[in-house]
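Novice: First to last, the protein sequences are chains A and B. Take the first sequence: its position 152, counted from the start at 1, is 152 in our numbering, and no numbers get skipped. Take the second sequence: its position 51, counted from the start at 1, is 351 in our numbering, and no numbers get skipped.
The hints are simulated quantities; they were obtained by calculation from the structure and are not laboratory data. A few of these clues could be false.
[To be verified] Straight-line alpha carbon distances no greater than 30 Å define the calculated DSSO-like cross-link-like pairs of lysine-lysine that follow:
no.: 1; chain 1: A; residue 1: LYS296; chain 2: B; residue 2: LYS450
no.: 2; chain 1: A; residue 1: LYS183; chain 2: B; residue 2: LYS413
no.: 3; chain 1: B; residue 1: LYS406; chain 2: A; residue 2: LYS183
no.: 4; chain 1: A; residue 1: LYS296; chain 2: B; residue 2: LYS461
no.: 5; chain 1: B; residue 1: LYS391; chain 2: A; residue 2: LYS183
no.: 6; chain 1: A; residue 1: LYS295; chain 2: B; residue 2: LYS501
no.: 7; chain 1: B; residue 1: LYS413; chain 2: A; residue 2: LYS296
no.: 8; chain 1: B; residue 1: LYS391; chain 2: A; residue 2: LYS296
no.: 9; chain 1: A; residue 1: LYS84; chain 2: B; residue 2: LYS391
no.: 10; chain 1: A; residue 1: LYS84; chain 2: B; residue 2: LYS455
no.: 11; chain 1: B; residue 1: LYS374; chain 2: A; residue 2: LYS183
no.: 12; chain 1: A; residue 1: LYS295; chain 2: B; residue 2: LYS461
no.: 13; chain 1: B; residue 1: LYS450; chain 2: A; residue 2: LYS183
[What the hints assert, rightly or not] Which bits of chain B does chain A cover? Going by a derived footprint, with three or more residues having C-beta under 8 Å, they are:
no.: 14; segment: 381–391
no.: 15; segment: 396–402
no.: 16; segment: 416–423
no.: 17; segment: 513–523
[Unchecked claim] Taking CB as the label site, the calculated pair distances span:
no.: 18; chain 1: A; residue 1: ILE90; chain 2: B; residue 2: LYS476; range: 39 to 45 Å
no.: 19; chain 1: B; residue 1: GLU432; chain 2: A; residue 2: PHE71; range: 34 to 40 Å
no.: 20; chain 1: B; residue 1: ASP392; chain 2: A; residue 2: ILE90; range: 34 to 40 Å
no.: 21; chain 1: B; residue 1: LEU554; chain 2: A; residue 2: LYS84; range: 41 to 47 Å
no.: 22; chain 1: B; residue 1: ARG500; chain 2: A; residue 2: ASP86; range: 46 to 52 Å
no.: 23; chain 1: B; residue 1: VAL316; chain 2: A; residue 2: LYS84; range: 22 to 28 Å
no.: 24; chain 1: B; residue 1: ASP451; chain 2: A; residue 2: ILE261; range: 42 to 48 Å
no.: 25; chain 1: A; residue 1: LEU151; chain 2: B; residue 2: PRO489; range: 48 to 54 Å
no.: 26; chain 1: A; residue 1: GLY85; chain 2: B; residue 2: HIS427; range: 32 to 38 Å
no.: 27; chain 1: B; residue 1: ASP451; chain 2: A; residue 2: TYR135; range: 42 to 48 Å
All residues carry an ideal CB built from backbone N, CA and C; glycine is no exception.
Chain by chain, the residues:
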Amino acid sequence: MWNFFLLILIYTGIYALMALGQNIITGYGGMLSLTQAGFFAIGSYATAILATRYGWSFWATLPAAALFSAFFGLLIGLPTLRLKGDYLAIATLGFGEIVRNVLNNWDSLTNGPMGIQKIPMITIFGFVVNPYKKYAFLVVLSIAVLVAYLLFQRLARSRMGRALAAVREDEIAAQSMGINITKYKVYAFILGASVAGVAGSFQAAFTLSVSPGTYTFMVSVMVLCMVVLGGMGNFKASILGAFIIQLISYLPQLTGLTAVIPPQFKQILFGLILVIMMIWRPQGLLGREQITYRKKGGKR
Amino acid sequence: MTLLETLDLTRAYGGVVAVNKVNFSVEEGLITGLIGPNGAGKTTLFNNITGLDVPTHGRVIFAGRDITGSPAHKICRMGIARTFQNIRLFKDLTVVENVMIGRHFKTGKSETKGRFLNAFNSYIRLHQEEEEIYERACEWLEFFDMEGMKDELAKNLPYGKQRELEIARALATDPKLLFLDEPAAGMNPQETDHLMTIIRKIRDLDITVVLIEHDMKLVMSICDTITVLNYGQKLAEGTPYEIRRNQDVIEAYLGKEE
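With the hints as extra help, turn the sequences into a complete structure.
Specialist: Structure, rendered in structure tokens:
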């Protein structure tokens with residue numbers, strides 16, 4: 001039971017990384033993107049391939065995974081800039097599916113539907129972070145989430161975060177205030193993609209095998225749910241959302257009612273949560289983060 | 301000295317010529333009015349100058365530089381700020397944040413070069429920079445007597461204050477030239493009077509003002525020079541005294557006597 005709870009926490013960590021990225025794209029930039037699964041897959045496969053074929057250590061593959069995903073974030077960001085709302089969602093959804101199909105069919109590189117097995121475990125100065133002993137893995141992952149959270153939080157509180165908010169609120173006014181909206185939209189995509197790539201890297205190092213079946217459209221939807229549930233434009237809320245959604249999706253196993261509750265139940269529950277949130281608390285559980293500014297000497 | 305001029309500026313949407321070969325010039329330090337009946341092409345002219353739209357023909361010269369077709373954010377950085385006819389505030393941000401966005405590119409040595417490195421710099425010395433931006437934004441709010449409402453959401457302000465906030469936001473970019481698109485629209489007489497004092501105060505800061513306005517009392521009392529557009533063409537230009545007696549202008553507004 002406790003072991004199972006640790007598993008949920010680990011998945012919370014992995015999904016929290018993705019949710020942080022989704023929050024910078026959707027919560028701050030206001031772009032409805034459904035590609036996190038695609039970037040997640042790219043990160044996982046980057047780690048899997050570099051580690052098994054070329055013998056790279058996990059710590060070398062981690063930045064590589066982030067860079068690969070960031071590059072694809074740039075690729076998807078540039079052509080879809082003109083799209084908004086539903087249209088952007090459909091275009092980005094398509095990208096996620098393309099990634100999964102390529103992974104499924106590029107046998108020579110990805111080993112097709114069989115996936116890649118025997119991915120080496122994370123080691124820190126000779127200490128092996130064995131995923132079966134979940135504590136060590138959880139500690140490493142938590143540090144990654146914390147670092148990502150702090151980096152994003154600082155970004156959001158700087159003038160760049162404010163510029164992204166301006167782009168979200170009104171693109172024409174933002175342009176007329178000297179903000180290069182193209183640049184900021186692409187930046188948001190690149191940042192969101194790279195952190196999802198990092199999440200993918202940890203996923204590969206945790207399950208020690210990757211296969212295309214993991215990176216379905218449902219992953220992107222779950223990540224979006226986490227951000228909306230927690231509260232758009234609030235990074236703490238994204239992490240909280242990730243925890244709640246993970247807890248709910250493992251509820252049947254956690255309560256030992258797998259015989260009674262069918263696995264599809266969680267999809268019904270996600271839908272229900274989103275509908276209820278939209279009616280009673282559209283700003284999410286925690287709501288958008290308000291920043292308090294200070295003058296020199298701490299005066300308000 | 302001429303600060304801005306358009307040379308034969310034309311903007312056609314398919315067969316409709318919204319602005320037709322307009323030579324519009326703005327003298328530095330004066331308040332220029334741009335008037336004309338509805339659909340005369342005033343806002344289109346503004347949009348073409350400020351980079352939100354690209355002219356079909358013709359050129360825009362600002363301070364001796366050809367800025368035709370430059371993107372809006374670059375034109376803003378060169379020193380042209382504007383407000384909008386239908387208020388375009390960042391509604392879900394606070395009043396002070398709206399003004400702070402105007403200070404966005406005012407960091408680092410140059411406003412156009414080395415911006416990427418500048419972003420890293422802003423990231424590292426975050427607190428110091430935010431303090432500076434916040435202080436400057438508060439100064440602009442004081443200029444408009446809006447210090448007290450700085451933590452309100454922009455959408456909760458009364459209408460007249462929203463218009464003034466938009467001007468404050470534009471001024472925060474430290475422009476040389478300020479375009480106001482119908483600043484008095486929807487204001488009551490007291491608010492219009494307040495606006496007039498503010499526009500004069502802005503001129504006294506050495507900022508050249510161009511305004512589109514339908515409120516003739518405002519236009520005639522504060523503009524130093526007026527340009528009249530009708531059906532996309534320039535009909536007349538001159539001092540308020542001249543414009544008031546111009547037969548073409550009277551016809552355009554009131555129709556011809558049979």
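Novice: Would you mind marking each hint as holding or not holding in the structure?
Specialist: Outcome of the hint check:
| no. | hint | result |
| --- | --- | --- |
| 1 | A:LYS296 <-> B:LYS450 | 17 Å, holds |
| 2 | A:LYS183 <-> B:LYS413 | 15 Å, holds |
| 3 | B:LYS406 <-> A:LYS183 | 17 Å, holds |
| 4 | A:LYS296 <-> B:LYS461 | 27 Å, holds |
| 5 | B:LYS391 <-> A:LYS183 | 22 Å, holds |
| 6 | A:LYS295 <-> B:LYS501 | 26 Å, holds |
| 7 | B:LYS413 <-> A:LYS296 | 28 Å, holds |
| 8 | B:LYS391 <-> A:LYS296 | 27 Å, holds |
| 9 | A:LYS84 <-> B:LYS391 | 19 Å, holds |
| 10 | A:LYS84 <-> B:LYS455 | 23 Å, holds |
| 11 | B:LYS374 <-> A:LYS183 | 13 Å, holds |
| 12 | A:LYS295 <-> B:LYS461 | 24 Å, holds |
| 13 | B:LYS450 <-> A:LYS183 | 29 Å, holds |
| 14 | 381–391 | holds (count 7) |
| 15 | 396–402 | holds (count 5) |
| 16 | 416–423 | holds (count 3) |
| 17 | 513–523 | violated (count 0) |
| 18 | A:ILE90 <-> B:LYS476: 39 to 45 Å | 44 Å, holds |
| 19 | B:GLU432 <-> A:PHE71: 34 to 40 Å | 35 Å, holds |
| 20 | B:ASP392 <-> A:ILE90: 34 to 40 Å | 26 Å, violated |
| 21 | B:LEU554 <-> A:LYS84: 41 to 47 Å | 44 Å, holds |
| 22 | B:ARG500 <-> A:ASP86: 46 to 52 Å | 48 Å, holds |
| 23 | B:VAL316 <-> A:LYS84: 22 to 28 Å | 26 Å, holds |
| 24 | B:ASP451 <-> A:ILE261: 42 to 48 Å | 47 Å, holds |
| 25 | A:LEU151 <-> B:PRO489: 48 to 54 Å | 52 Å, holds |
| 26 | A:GLY85 <-> B:HIS427: 32 to 38 Å | 36 Å, holds |
| 27 | B:ASP451 <-> A:TYR135: 42 to 48 Å | 44 Å, holds |
Hints 17, 20 from the earlier list are contradicted by this structure; the remaining hints agree with it.
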